[in-house]
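Asks: Same order as they appear, the protein sequences are chains Y and D.
Just so you know, the first sequence maps onto residues 1 to 481 in my numbering.
Just so you know, the second sequence maps onto residues 1 to 481 in my numbering.
Calculated from the structure, these hints are not laboratory results.
Distance condition first, Cα-Cα at most 25 angstroms in a straight line; then the derived SDA-like pairs of lysine to any residue:
| no. | chain 1 | residue 1 | chain 2 | residue 2 |
| --- | --- | --- | --- | --- |
| 1 | D | Lys-397 | Y | Ala-451 |
| 2 | D | Lys-260 | Y | Leu-402 |
| 3 | D | Lys-397 | Y | Ser-344 |
As the structure is a prediction and not an experimental result, all values here were calculated from the model.
2 protein chains.
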Amino acid sequence: MLTEIRGSEAAVDGARARSPLPAVILAAGAGSRLAGNDNSPPKPMTRVLGLTLLDRIALACKQAGVFELFVVVGYRHEELIPYIDSLANRLGMLIRPVPNPDWERGNGTSLLAASPYLDRPFLLLMGDHLFDPELLDKLVLADQTRGMTYLLVDRQTEAVFELQDATKVRLDGSRIIDIGKDVTPFDAVDTGLFLCQPTVFEALRRAQSEGEDSLSGGIRKLARQGLVEEIDSEDHFWLDVDTPAGLRHAHRRLLADSFKASGDGWISRYLNRPVSLRISERLADLPVIPNQITIASALTAAAAAVLFSFGGRRSTVAGGMLSQVASILDGCDGEIARLKHRSSAFGGWFDTILDRYADVAITCGIARGFARTHPRPATWLGASLAITGFLLASYTKKEYQLQYREAVPESPVANLIKRDVRLFSLFLGGLVNRPYEALLAVGMLSHAGIAGLFIQRVRETRRGRRDRRTFGSMPRWRGAT
Amino acid sequence: MLTEIRGSEAAVDGARARSPLPAVILAAGAGSRLAGNDNSPPKPMTRVLGLTLLDRIALACKQAGVFELFVVVGYRHEELIPYIDSLANRLGMLIRPVPNPDWERGNGTSLLAASPYLDRPFLLLMGDHLFDPELLDKLVLADQTRGMTYLLVDRQTEAVFELQDATKVRLDGSRIIDIGKDVTPFDAVDTGLFLCQPTVFEALRRAQSEGEDSLSGGIRKLARQGLVEEIDSEDHFWLDVDTPAGLRHAHRRLLADSFKASGDGWISRYLNRPVSLRISERLADLPVIPNQITIASALTAAAAAVLFSFGGRRSTVAGGMLSQVASILDGCDGEIARLKHRSSAFGGWFDTILDRYADVAITCGIARGFARTHPRPATWLGASLAITGFLLASYTKKEYQLQYREAVPESPVANLIKRDVRLFSLFLGGLVNRPYEALLAVGMLSHAGIAGLFIQRVRETRRGRRDRRTFGSMPRWRGAT
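Same shape as in the complex, but just chain Y:
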């Protein structure tokens, strides 16, 4: 399942085309609380689920259409600079390491080190913050012509991990009026994601002249001038990876985010995901690509089909179990794709086509197995009705999405015609050696589900038309003769 939500993309694409922004990543600090000794890698090179923090930040930038990065390095720069060069090669991006000899004085000096390269608006990111790539779209879409600096903030402060160490902000409407670790009272938390104007350098220098070398010091100066506004991060995740506990938290959070917006059915959510996430967690550290998992899932389904076709009790049970394994693996490709930034249109297309062919194979296998003891045409007719139900249910949902430009809304009916329910029913049918009966039942259920969706839709269309009629009879002007 490689589903992805693609809301307001035209707007984001447009904004990108208008102004491809550069980004600065501050990665100069020691990160001493995370990496205690010299054997562990520098903090930005710490791995989470197969990718380093810096990998993840660069990939998020690439996904947001930001291809020009300046990474400010200080502590252990002799290890980071070659790593950054290899990363640039690997991702085909323009990534320039910017050394900051003064890094120990504060992260304001690190941003200043990048100032010679920046005479236009730019994104500012922290080398130890992970975040949902969609957050960058919010910054890219902000109005750059107003001379404002924008900071993504999290208003759900009670949910922030290690809140005591976070940078807080006080708001006046959407204006940020104060920022710092010790601001009280505070309204929101700094996520470390900025859209900056070159004016920030002047502000940093002024703060510096007053002995304040932190980034917050400079931003505070701008805030006092009324030049900093907040953008709400809403429900998108962001994390400051500062401690071993923070790293574990990031690990969990990335996994939880890896199946976001997949439109999971009941079986997926409560039975398959707990298992598939554990598999993906292991696979993330290996050089496995999503399409390979897609193929593995299809081959498992093919094996299930062969086992079903033998018709004996033991092979039927094994076939049922393998269908369920195929269903679980079908979740892993999407999880790995999102975890490792490997989502692609081709991958999504490939996955859904193989899923449908896998359904065809399993259906044929079950029918063949049943035909051994019931060699009647009706056996194949029943199987035909079942497979057309499966395929048409999937088709109906896709066409709905194309026509209405949104996924089929969640409802019990919509849940019943999902693949997870289908394969789970065949699994149960296999366990009790009644796979053909299960196939017929779930096939009929699919046709009934399509009819149900259709009736829902007709009702809503009628309701919409009635509402329009009411509106149409509202008082309005008449001819002026």
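The hints should help you fit chain D onto chain Y, whose structure is shown.
Replies: Same frame as chain Y, now just chain D:
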């Protein structure tokens, strides 16, 4: 087939939400060359393919998100005013008739009559011009903050119908520097579609004081001030319906436009459309809605399935012929929807689902007919392979569109897995009393077509990756240490 292209819609939606524009429609003239006597209706009430000119213009406005119309009336206003009121009711729009007692002096006076209602940018349309509704999107998207008046022009002047009567424009880049019937040399033709600023009223009054009462006179004044720019109408159609010949031309042009962007296959284009257009032409004058045609097509397919299932020679031939009738009718719903502005997401969804079920029914009918003489399981297995091929071919294309956000590119492979080819093959198979063989052949062709599409796509993905690698090794900066 109710396919619709939906490019750059987010942008259009955004522009609409920002500024819902009003529109002025000039419908005050006598139109003497079209309606010679008092028995014929006033020109804006002339019917083409089931809708009056004014209906069509109002519906195009509605489709473009323009809900507030001012229709300037003069000649035979006593008939037009009640018609406009009933139209407002029928479409649920705000449509106000604006009488212009001076209409005989020129169409500049008609636009001036609407001036009390307009203190912001507005669309200006001619009551006797038909056009592709998508043209309005181009105007809605124009930058309204620059104080410019925009005129949609047609640069393909040699293709303009009745060019001698058209208003011509001379261009300097995208600036319009002269406008009028007798401008020579000219670069393009005025389509009668404007986005005006309220400044136009002042210009009209100045022209009037110099004895020039035409709209062109006012626009010429603005043009001399450098305040009029052109927008290219590109390949979208527009028509000035001035004469009986113009009306016949409009009739033909609307029909030709009614299957635009349907992604027709070979059989559709060269065999089905000539017939379906003739049917739609007749149906357009009747109160038939597209969903009824969709149902008629599905019922015809069901009848074909029943005939096939009898298995005899005569009923098989009849079944084949009915499948082809169903295929032709399948074109009519989309044509009528576009001709009568009745396209809807529900209609599109309904149509494609019924098409798929019709394919299932015909397949089952053919298999049942063949099973009468070949009562073997293999008969049904073959039919299963065929129907899964049909359904998966359709599914594969829809999923492609969802993932790649564009239709499957035209190619011989893409053409082979279209429904028109499928049903035509069954028609031919029916004629020679070999429908089952035809079913198997076209079923296998569908699976092969899916594989073909897949291989095409893999190749292109590989090529894309190679290109990226080439780009990735282009000279670029290195670490600055």
